[in-house]
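As given, the protein sequences belong to chains A and B, one line each in that order.
Under this note's numbering, think of the first position of the first sequence as 18, with each following residue one higher.
Under this note's numbering, think of the first position of the second sequence as 18, with each following residue one higher.
Where hints are given, some of them may not hold.
In this list, chains with the same sequence are indistinguishable; a pair is considered to hold if it fits within one copy or across any two.
16 Å max Cα-Cα, derived EDC-like pairs, lysine to aspartate or glutamate [claimed, not checked]:
1) K227 to E204
2) K148 to E260
3) K106 to D68
4) K273 to E162
5) K201 to D85
Calculated directly from the structure, the hints in this document are not laboratory data.
Number of protein chains: 2
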Amino acid sequence: MSIVLDAMGSDERPAPELQAAVDAARLYKEEIILVGDEAVLKPRLALLNPDGLPISIVHAPEAVDMSDHIEDVRKKKDNTMRVGMDWVKAGKGSCFVTAGNTGMAMYYAVKTFRNIPGVIRPALTSLFPVKGGHCIVCDIGANAECKPEYLLQFAVMGSIYAEKILNIKNPRVGLLSNGEEAGKGNELVKGTYPLLLASGLNFVGNVEGKEVFNGEADVVVTDGFTGNIMLKSTEAVANLIMETLKVSLKGSFRTKIGALLAKPAFDGVKKLIDPSEIGAAPLLGVDGLVFIGHGRSDAKAMTNALRIAHQANEIHLIDALREAVQTRLADITRTVPA
Amino acid sequence: MSIVLDAMGSDERPAPELQAAVDAARLYKEEIILVGDEAVLKPRLALLNPDGLPISIVHAPEAVDMSDHIEDVRKKKDNTMRVGMDWVKAGKGSCFVTAGNTGMAMYYAVKTFRNIPGVIRPALTSLFPVKGGHCIVCDIGANAECKPEYLLQFAVMGSIYAEKILNIKNPRVGLLSNGEEAGKGNELVKGTYPLLLASGLNFVGNVEGKEVFNGEADVVVTDGFTGNIMLKSTEAVANLIMETLKVSLKGSFRTKIGALLAKPAFDGVKKLIDPSEIGAAPLLGVDGLVFIGHGRSDAKAMTNALRIAHQANEIHLIDALREAVQTRLADITRTVPA
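All chains should be modelled from the sequences, with the hints used to inform the complete structure.
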């Protein structure tokens with residue numbers, strides 16, 4: 018087994034990717050296949066003392082930019098995403114990791130691997146930091162419009178992920194809504210509620226922001242539009258608070274000294290909202306393992322992403338997902354009222 | 018002109034309301050009509066030295082609880098919301114302020130005042146704290162399902178409010194979406210974009226959480242489901258951060274001392290996310306002025322709510338809204354592609 022890593026994904030590419038490849042190869046003793054321009058990567062990798070480590074380079078001269086759309090990447094046939102995923106598809110790697118353009122990663126993932134048989138739509142996921150841990154939110158942007166059946170499938174796949182990768186037994190599934198009570202919500206929520214209730218999953222009902230960040234669900238399902246709004250707006254408010262605090266702490270000599278003394282406490286909060294702790298989240302539902310990290314990923318974030326990919330390889334996540342979709346979804350379809 | 022105040026709205030009712038009535042009557046020299054059980058309110062008010070202040074009490078023996086639904090309030094005919102809004106409707110007060118059950122306030126507002134002629138759906142609004150000020154978000158929960166025309170009307174009414182009450186000339190209108198570029202979004206956003214573009218409003222395009230909290234729009238329009246998720250999840254993440262910080266600061270002697278010294282800086286952040294700074298937000302589109310504050314309102318929050326109501330009275334907000342809906346919406350209807 019080996020992990021195929023897009024060397025040209027992150028904003029600071031390829032530095033975080035190269036460092037992470039070296040660190041992860043050492044830590045997890047798993048082969049890391051870097052995809053990118055060999056002429057660029059080879060000398061830079063050599064500076065990081067990779068001797069004896071299972072790291073190889075697959076040549077892909079072009080890189081996908083963060084602003085690229087489908088029409089742009091079509092002109093870059095030999096880009097790292099396409100080449101890297103083809104490598105996995107051909108069986109020469111077991112999963113693909115990138116911190117690049119999410120939309121394009123999703124585009125190539127669906128194109129390369131197609132959906133797991135039985136999956137209607139794949140979900141983009143994100144791990145949210147919540148009280149006492151993390152929860153996985155599906156979907157955070159793959160499908161702006163959803164149907165209840167999609168959300169049911171997200172719940173099944175998200176539960177498998179929470180169980181296998183986050184090590185949560187019988188993960189609690191929450192349905193994001195504008196009110197906790199059954200019957201609250203938009204048409205999508207109202208249509209999804211009975212499906213989840215009848216699903217056999219550990220459904221805890223509707224959840225609002227309060228319950229999500231209190232850690233009252235391990236898997237939160239929603240449409241990609243709402244999930245994306247929740248992701249972006251909570252990131253933004255967290256940044257606003259930290260920025261305001263930073264400016265306020267510089268306000269006087271007294272607060273500056275206070276800030277110095279209180280630094281360890283601030284580090285705790287920074288860690289809470291730091292995307293590098295999270296690493297990457299999977300695109301659930303495509304028939305291949307694709308993990309997408311934040312564009313702002315540093316080497317630590319990329320190493321964490323590779324740790325998750327390594328875990329996914331170890332426990333054969335893709336097989337577990339395939340099986341869950343085939344068995345559990347078939348069961349659900351039988352029990353769910355038409 | 019006078020403000021009708023629900024004395025039985027907030028979680029700590031009626032203490033914050035009574036104190037705020039005294040403070041606001043003194044500050045704004047406007048009559049405050051408290052609505053609640055006279056036998057309860059009269060002696061408590063007397064303790065606050067209201068002599069000479071223009072404060073009166075209208076008797077309403079029943080109170081709406083936070084958990085009440087329509088079937089519950091129907092059994093409480095003489096509740097403060099119903100009685101208070103009837104008082105305004107009868108011309109004996111110019112606007113109604115409550116920190117009570119939002120859903121029930123909305124129910125009575127629509128029932129009592131109906132919509133401003135031409136308004137399809139009223140919007141529940143909220144002032145969000147953003148970099149450098151506030152923005153008004155419409156809708157945050159009145160309409161879980163919306164059509165593009167509703168959002169267009171929210172934008173017109175929100176612009177009037179931002180102009181007249183927040184004193185922003187030519188307020189910038191943003192359309193909440195999962196991507197900044199035109200063409201991004203769900204069907205609702207895609208349908209609303211051209212309407213806003215042709216509206217003559219100061220439309221700045223799609224906005225994501227980042228732009229919202231960066232203060233790049235003064236009015237943000239969205240459906241009530243998404244707006245509610247944004248409101249609740251950003252409140253929740255702000256609470257989680259402040260709580261984590263509080264716990265971390267108590268972690269060691271060093272950080273405790275640091276926290277003491279840095280206290281003025283924390284107060285700045287607390288002020289940023291403190292709902293009491295915001296007071297209350299209007300229900301836009303009903304043909305009467307109704308302001309709804311946070312259930313957690315303290316006396317300061319209620320006084321701020323009464324300040325906003327006072328301002329709205331001063332500038333005849335309801336007339337401005339009626340006129341805007343009649344003239345600007347008529348103009349828009351003529352210019353918008355069918």
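Consistency of the hints with the structure:
no. : hint         : verdict
1   : K227 to E204 : neither (22 Å within a copy, 28 Å between copies)
2   : K148 to E260 : between (21 Å within a copy, 10 Å between copies)
3   : K106 to D68  : neither (28 Å within a copy, 82 Å between copies)
4   : K273 to E162 : neither (48 Å within a copy, 48 Å between copies)
5   : K201 to D85  : between (39 Å within a copy, 14 Å between copies)
Hints 1, 3, 4 from the earlier list are contradicted by this structure; the remaining hints agree with it.
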